[in-house]
Amino acid sequence: MTRDQISYVIFFAAIVATGLILKNYFYFQLITIIGINTLLALALNMLLGYAGQISLGHAAFYGIGAYTSGILTATYGFNPWMALPCALMLAIVIAVVVGFPTLKLTGYYLGMGTLGFGMIVHIVFREWSSVTGGASGFMGIPPLEIGHVSFFEPRNYFFLVWFVVLLSFILCKRLINSRTGRALKAIHDSENAAKAVGINTRNLKLKIFVFSAALSALAGFLYAHMISFISPESFSFLVSVKIVTMVVIGGMASIWGSLLGASLLTMLPEWLHAFSDFEMVVYGLILMVVMIITPQGLTRGIIEIYERSRSAKAKR
Amino acid sequence: MAIKGVSLSVAQGELVSLIGANGSGKSTLLQAIVGLLPGWEGKMSFWDNSLKGLAPPAIVQKGISLVPEGRLIFPPLTVLDNLKLGAYTRYRKKQHREIAQDLEMVMTLFPILKERSYQAAGTLSGGEQQMLAIGRALMAKPKLLLLDEPSMGLAPLLVDRILQTLVQLRENGITILLVEQNAQAALKIADRGYVLETGRVVLQGSAQDLLADDEVKRAYLGKDYGEFYEGRA
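Chains as they are written, first to last, in the working numbering: chain F, 1 to 316; chain E, 1001 to 1233.
Derived from the structure by calculation, the hints contain no laboratory data.
Misleading hints may appear alongside valid ones.
[To be verified] Derived SDA-like pairs: lysine to any residue, alpha-carbon spacing no greater than 20 Å straight-line:
#: 1; chain 1: F; residue 1: Lys23; chain 2: F; residue 2: Met267
#: 2; chain 1: E; residue 1: Lys1093; chain 2: F; residue 2: Asn203
#: 3; chain 1: F; residue 1: Lys173; chain 2: F; residue 2: Val282
#: 4; chain 1: E; residue 1: Lys1094; chain 2: F; residue 2: Arg174
#: 5; chain 1: F; residue 1: Lys173; chain 2: F; residue 2: Lys23
#: 6; chain 1: E; residue 1: Lys1188; chain 2: E; residue 2: Thr1165
#: 7; chain 1: F; residue 1: Lys207; chain 2: E; residue 2: Lys1188
#: 8; chain 1: E; residue 1: Lys1093; chain 2: F; residue 2: Thr180
#: 9; chain 1: F; residue 1: Lys23; chain 2: F; residue 2: Phe151
#: 10; chain 1: F; residue 1: Lys104; chain 2: E; residue 2: Lys1141
#: 11; chain 1: E; residue 1: Lys1093; chain 2: F; residue 2: Gly181
#: 12; chain 1: E; residue 1: Lys1093; chain 2: F; residue 2: Val282
#: 13; chain 1: E; residue 1: Lys1141; chain 2: F; residue 2: Arg179
#: 14; chain 1: E; residue 1: Lys1094; chain 2: F; residue 2: Gly181
#: 15; chain 1: F; residue 1: Lys207; chain 2: F; residue 2: Asn192
#: 16; chain 1: F; residue 1: Lys173; chain 2: E; residue 2: Tyr1091
#: 17; chain 1: E; residue 1: Lys1093; chain 2: F; residue 2: Ser7
#: 18; chain 1: F; residue 1: Lys173; chain 2: E; residue 2: Leu1077
#: 19; chain 1: E; residue 1: Lys1062; chain 2: E; residue 2: Ile1099
#: 20; chain 1: F; residue 1: Lys104; chain 2: E; residue 2: Gln1208
#: 21; chain 1: F; residue 1: Lys173; chain 2: E; residue 2: Pro1076
#: 22; chain 1: E; residue 1: Lys1141; chain 2: E; residue 2: Glu1171
#: 23; chain 1: F; residue 1: Lys207; chain 2: F; residue 2: Leu171
#: 24; chain 1: E; residue 1: Lys1094; chain 2: F; residue 2: Thr180
#: 25; chain 1: F; residue 1: Lys242; chain 2: F; residue 2: Val282
#: 26; chain 1: E; residue 1: Lys1094; chain 2: F; residue 2: Arg179
#: 27; chain 1: E; residue 1: Lys1093; chain 2: E; residue 2: Asp1081
#: 28; chain 1: F; residue 1: Lys207; chain 2: F; residue 2: Phe151
#: 29; chain 1: E; residue 1: Lys1062; chain 2: E; residue 2: Asp1102
Quantities reported herein were computed from a predicted structural model and do not represent experimental measurements.
Assemble the whole structure, with the sequences as input and the hints as a guide.
What follows is the structure, encoded as structure tokens:
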């Protein structure tokens, strides 16, 4: 077995063990949210970490997935599993339309472009009250079920989300190790050099943007049917920034970094309740310290600390 | 407009050198050929097919590969990944076995690359990086190989080594257009040469003629007027 395969087996075992041992429904919910955030971080990591294209509007695709599926099921009585492909398609179409002109931009300008897009989508969610329920949110999204298995049960939903995460990990890892993955890293490094070896950079950037948008929409779908109530604030600019933070803290260009970043940023507010009024201050402080100690993100940082301690031991 | 009214040709199996000083438009010309600078006017054809309006990927697929100025390898990627990226357009055509053979060929040509396969390309020395850049271009299986100043920043011994490789490649049937500031070295291995100055071709001919040409000697081979007129006036 390769190293990747071993890590998937360990990951799989960890999911099953957690699902069987855990009893508390509150924790099930929390860990399921971590799974959804991991999908988001993974989606953005493919774009930002590997291809080097920033997006400050990824919450928009997350929201498009959630709202499309929510509206189709609650208002129009679609089966959720029929609503899912519709939600993904809409996200893909919008990603193509938005990505085609904006991906000509680079660096800060691309950040500004995607930022504007995210804001527009957020305003649409908030102001189009007749369809989206406006600022007070959208209610009554039905839970998922397959045959007799109801995912209303938090344990089942936990398994569903985390198996989707595992599958996405395998998919993304395969993509990264393929010819396409090499080309993405080449674009990250130098677009001109990438062109010189014959990579159609514009096309490939658009493709990875669309892939990333679709994965975010999938996360939105899972979120909407878990919570059954969505509001525009769950898909605001701050959420886009949070996804970027997860990627950077966890580690750019690292699949497992997405998991680490999403876990830390989801758990941290829970742990910090004890600080009450100072919660956000401590939160910010911790993020700063993490970035100062491990500027390349937690994944690389931990590996480096481990290697250093090993070589120190070897010297003794 | 950096170049105007330039006309040149490279016949199959030839090694042609294009020399000229800084800013004479050598690199611009190469970038126009491979499609990195779209919007040029005039005519350019390869095997009787026009290159007008073609983007770089299409040109690479036609069989023209560029070894860019300053090498432009991908430093964080491994040497092996860099080489595989060179064959990017061929993976689509499922030529996996041929690619493996070519990888072997490049590794034999530059044994050091084999040794460093799994090292990040950025950790290589300048000469090794140049070899990697040439190797990467070869992975596309080009009919025509374009090189933009492969000798830049290299020690004389390494320059020789690189240029000898080019001679060897030509013997293997690859057509080469070499752009160089190091005129003497470039003309020595070439069949024919062109001298570019401020965007136009000022001289052309066989490499020996150019090497012997007074004007070339004066301007590019580092012999100034003093030395030149010695014993004449």
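A quick look at each hint next to the structure:
1. Pair hint F/Lys23 plus F/Met267 holds up; C-alpha atoms about 18 Å apart against a cutoff of 20 Å.
2. This hinted pair checks out: E/Lys1093 and F/Asn203 have alpha carbons roughly 18 Å apart, not beyond 20 Å.
3. For the hint pairing F/Lys173 with F/Val282, the CA-to-CA distance comes to about 34 Å; that exceeds 20 Å, so the pair is violated.
4. A threshold of 20 Å between alpha carbons decides the hint, and for E/Lys1094 with F/Arg174 the separation of about 17 Å falls inside it, so the pair holds.
5. A hinted pair counts as satisfied when its Cα atoms are at most 20 Å apart, and F/Lys173 with F/Lys23 does not qualify at roughly 32 Å.
6. A C-alpha spacing of about 13 Å is found between E/Lys1188 and E/Thr1165, which places the hinted pair at or below 20 Å, so the restraint holds.
7. Straight-line distance between C-alpha atoms of F/Lys207 and E/Lys1188 comes to about 47 Å, which puts the hinted pair past the 20 Å bound.
8. Using a Cα cut-off of 20 Å, the hinted pair E/Lys1093 and F/Thr180 holds, with the two alpha carbons roughly 14 Å apart.
9. As the CA atoms of F/Lys23 and F/Phe151 are separated by approximately 16 Å, the hinted pair is consistent with the 20 Å bound.
10. About 30 Å separates the Cα atoms of F/Lys104 and E/Lys1141, which puts this hinted pair outside 20 Å; it is violated.
11. This hinted pair checks out: E/Lys1093 and F/Gly181 have alpha carbons roughly 17 Å apart, not beyond 20 Å.
12. A hinted pair counts as satisfied when its Cα atoms are at most 20 Å apart, and E/Lys1093 with F/Val282 does not qualify at roughly 55 Å.
13. For the proposed pair E/Lys1141 and F/Arg179, the alpha carbon gap of about 17 Å is at most 20 Å, so the pair holds.
14. Restraint check for E/Lys1094 and F/Gly181: satisfied, since their Cα atoms lie roughly 17 Å apart, inside the 20 Å limit.
15. Distance check on the hinted pair: F/Lys207 and F/Asn192 sit about 18 Å apart at the alpha-carbon level, within 20 Å; holds.
16. Taken as a hint, the F/Lys173 and E/Tyr1091 pair is honoured in the structure, with Cα atoms around 19 Å apart against an allowance of 20 Å.
17. Between the alpha carbons of E/Lys1093 and F/Ser7 the distance comes to roughly 32 Å, so the proposed pair goes past 20 Å and is violated.
18. Using a Cα cut-off of 20 Å, the hinted pair F/Lys173 and E/Leu1077 holds, with the two alpha carbons roughly 16 Å apart.
19. The suggested pairing of E/Lys1062 with E/Ile1099 holds, with an alpha-carbon distance near 17 Å, which does not exceed 20 Å.
20. Restraint check for F/Lys104 and E/Gln1208: not satisfied, since their Cα atoms lie roughly 47 Å apart, outside the 20 Å limit.
21. For the hint linking F/Lys173 to E/Pro1076, the alpha-carbon distance of about 18 Å falls within 20 Å, and the restraint holds.
22. Distance check on the hinted pair: E/Lys1141 and E/Glu1171 sit about 15 Å apart at the alpha-carbon level, within 20 Å; holds.
23. The hinted pair formed by F/Lys207 and F/Leu171 meets the criterion: a straight-line CA distance of about 15 Å does not exceed 20 Å.
24. Using a Cα cut-off of 20 Å, the hinted pair E/Lys1094 and F/Thr180 holds, with the two alpha carbons roughly 14 Å apart.
25. For a cut-off of 20 Å, the pair hint linking F/Lys242 to F/Val282 stands: about 16 Å separates their Cα positions.
26. Note on E/Lys1094 and F/Arg179: the hinted pairing holds, with a Cα-Cα distance of about 11 Å set against a maximum of 20 Å.
27. Taking the CA atoms of E/Lys1093 and E/Asp1081, the gap is near 18 Å; set against the 20 Å cutoff, the hint holds.
28. A distance of roughly 32 Å separates the Cα atoms of F/Lys207 and F/Phe151; the hinted pair therefore is violated under the 20 Å criterion.
29. A C-alpha spacing of about 18 Å is found between E/Lys1062 and E/Asp1102, which places the hinted pair at or below 20 Å, so the restraint holds.
Checked against the numbered hints above, the structure breaks hints 3, 5, 7, 10, 12, 17, 20, 28 and satisfies the rest.
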